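Novice: As they're listed, the protein sequences go chains A and B. Oh and the first sequence: position 92 is 92 in this note's numbering, straight run, nothing missing. With the second sequence counted from 1, adding 1000 to any position gets you this note's numbering.
Subject to a maximum C-alpha distance of 27 angstroms in a straight line, what follows is the list of computed BS3-like cross-link-like pairs (lysine-lysine): (1) K140(A) with K1257(B); (2) K1315(B) with K115(A); (3) K315(A) with K157(A); (4) K1315(B) with K157(A); (5) K1157(B) with K315(A); (6) K1045(B) with K1157(B); (7) K88(A) with K38(A); (8) K315(A) with K115(A); (9) K1140(B) with K257(A); (10) K115(A) with K1157(B); (11) K157(A) with K1115(B); (12) K115(A) with K1115(B); (13) K1018(B) with K315(A).
If you anchor each label on the Cβ, the simulated ranges turn out as follows: (14) D381(A) with M1001(B): 32 to 42 angstroms; (15) P64(A) with N1271(B): 47 to 57 angstroms; (16) K1045(B) with P117(A): 39 to 49 angstroms; (17) G114(A) with T1050(B): 27 to 37 angstroms; (18) E1168(B) with A374(A): 37 to 47 angstroms; (19) G114(A) with V1187(B): 33 to 43 angstroms; (20) E10(A) with D1060(B): 48 to 58 angstroms; (21) V448(A) with L1046(B): 49 to 59 angstroms.
If you're looking for bench data, these hints aren't it; they were derived computationally from the structure. Keep in mind the model is a prediction, meaning the values are calculated, not measured. Glycine residues also receive a C-beta, built at the ideal position from the N, C-alpha and C atoms.
There are 2 protein chains.
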Amino acid sequence: MSKLTASLEEAIIASGLKDGMCISFHHHLRNGDYVLNKVMDAIAKLGIGTLTINASSIFDSHAPLLTHIKNGVVTGLETNYMGPLVGKAVSEGILQQPVLFRTHGGRPSDIETGKSPIDVAFIAAPTADNQGNCTGQFGKSACGSLGYAFPDAMYAKQVVVITDNLVEYPLADYSISEVYVDQVVVVDAIGDPQGIVSGTTRMTRDPIALRIADLTATVISASGLLKAGFSFQTGAGGAPLAVGQRVQELMLQKGIKGSFALGGTTGYLVNMLDAGCFESILDVQCFDLKAVESLRRNPRHVEISASHYASPLAKSCVADNLDVVVLGATQIDVNFNVNVHTDSNGHIIGGSGGHSDVAAGAKLALVIAPLNRARLSIVVDQVLTTSTPGSTVDALVTQYGVAVNPRREDLQRTLGASGLPLVAIEKLRAMAEEINGVPQKPTPKDRVVGNVMYRDGTIIDEILQI
Amino acid sequence: MSKLTASLEEAIIASGLKDGMCISFHHHLRNGDYVLNKVMDAIAKLGIGTLTINASSIFDSHAPLLTHIKNGVVTGLETNYMGPLVGKAVSEGILQQPVLFRTHGGRPSDIETGKSPIDVAFIAAPTADNQGNCTGQFGKSACGSLGYAFPDAMYAKQVVVITDNLVEYPLADYSISEVYVDQVVVVDAIGDPQGIVSGTTRMTRDPIALRIADLTATVISASGLLKAGFSFQTGAGGAPLAVGQRVQELMLQKGIKGSFALGGTTGYLVNMLDAGCFESILDVQCFDLKAVESLRRNPRHVEISASHYASPLAKSCVADNLDVVVLGATQIDVNFNVNVHTDSNGHIIGGSGGHSDVAAGAKLALVIAPLNRARLSIVVDQVLTTSTPGSTVDALVTQYGVAVNPRREDLQRTLGASGLPLVAIEKLRAMAEEINGVPQKPTPKDRVVGNVMYRDGTIIDEILQI
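Here chain A stands alone, though its shape is the one from the complex (with noise of 0.2 angstroms):
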């Protein structure tokens, strides 16, 4: 009766993998996974090849992928977020077709409406029991929410579980339940603890990422949103989390009962929890061991799968129900749209994830960034790559003021009368280029090495091969 499999090899075998098939991974193992490389080189080995990767996300730790991609075992890859290291490549042409990015809510309704396929899903499991029940909070590798992996469960053909934590069954405590699951496979690891979790997230120290939460804070506190029953995401970023403690200040200050916070989770997430700012954290996924722990052990921080964080064609998610989100940009155009998958060369570095499905959502999407990075600006005329687009951003805030999105007349005038700085964002690509001169754009080629596909399945944008 056990689903237990020697070797991955076997599974693989087991499975029914074949050329040209679609194969799944989730990303909350992040760069310290294992799990993606071990299954591609046992792939490589068998000698099955013109493979599609479907992955929630590609971290540096997945480079070995490039000679899975060279060696034709890899033709095909799709995923909500890709690392600068398999990206340059990429950019650089090393795939026969254009890598498909979506976004962490496309990926999950496009799984569960068949549009996206998958033949055989193979989910890293912190611990796992062997009929496959399984869960990220405990173990050595523990890892916290799966929440990316729960549609790759449901749906795939075949799910191969791959675990280093075997318990004995049931795991009561299960995340991902063993009706989903074909086989188990016990690995001696299934990631580097070091590159899953950092220990903490760390504050930023520096001076203007401090301007910068500074005026986000007040933006939200004056946006009006900011009262009993307030729901916020930040990222896991210097400046995002020096805003979260801002408003946490505020939160405590003047007594406000929040709702609660959406995570991408960090202990400083977790700090405003047990501070008594929300009521929960919906975790879709755990940046850091203290939100870990606080998974496990908090009743209030609850695990939520991908469809529930953001899929638009869920009967609804909670990135629909937030009021405000504080997001990053590499660049952003002077009409709002925002750049997270390429940098200012065209190298392909990052993606989407939720970015453009909780700007959508929210009530109030907050772009931050420095004006310039490596005397770079981060406000151009028009963005490289278009990742989010504008008419689902509300304001950016820089350390020279706050650019409010023209759409935005309602926020413009309760900002303005809060005597925020506010300036034109035009204003503002011209304070940029005049510090470090008109940004020269990349000379790209013809190729489509990328597309973007939004949230709703529309291909907005193509990235060209450097």
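Following the hints, put chain B in place on chain A, whose structure we already have.
Specialist: Below, chain B without anything else, positioned relative to chain A:
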């Protein structure tokens, strides 16, 4: 953004319900459920008819359904269990088409594969938020697990959540997610707490039941399965509860640490968990308040879906991993076929529920029953209705001894060596006939009023009109 609809009538209209469609209900509110009747009254008022109801169970509290059947509002019934009040009327031919009986495992698999499509699911939810995240664990009508409602929520075209305890969004400790829910309706009361769960389930003092329980516990002990890792399911009736108590005593005496108990959960099973007999309870349904409270408080007492409980099409289910189950019978015949659908007059008084699922799944499926009830033999030549095939039943335990199914020669030897009073089932039938006389068989009409579908989708028996 809220899915709140002002009334049941408006929700029904908005769901697009039309003549001839199929609607569904779950039975966690048991004999206290108000929701089925309220919804059916609203549907009748709207003039919609020729509907099929797919309810996980029908209780006596649903007797008003008979009026809707007479009036043509309901023309088809599919269920896993039917209490005697509605059962008698169906047996007497009130319904135009035969009622279709499934098992608790067969129902979710038929819903998931699309064999049994549901147009509108009505989900009674003891606590819900305005987007439909809901749970049975909290609220004045708390019923604990909502396990049987999962397939309805996940696969019905339209899902209406009905609650009497609306809480702020998001209900973090949700059981069914908003991603599946179209509408939420608030009513004064979804059920009568007295009928939803009994205050406590009560132990029997009947000497015959206690004698059967003693014998059954000895059979379990002698079977060799009562050892470290033991898993167990037993019912909520007097004798099954007494079996649980005896097994608990044995486990504590011998220091046996079991693995899991499978519920239908009573306070007695909770006692066993709390006493350290089991690592966990996997719970598809709570029978009393102590079970509800344990599910709420104890992370080792967890809710599972109907599929996870017993679906034959799931990639695995808990029923198939079970060591020992203790089951009841209204009749059992010399081929060990069990009837739990009809009484000795041929009237419908029950249904499989999970009976045939766990009988098929467990390593040791014990049917326990007194030899006679109300001067009628339980052991007969041929059951009036085959609910559970004899090929999946391992032994019958009566107050006069234990009859082992001849296909289990190994068990016969093991139990014989332990000095248990073994007896051929034909002998038990003869004894019963000696006491009660040869049972008079009812003389049913030719018309079929019910079909019994086994968990694999085959019709294994039909029930005739009385």
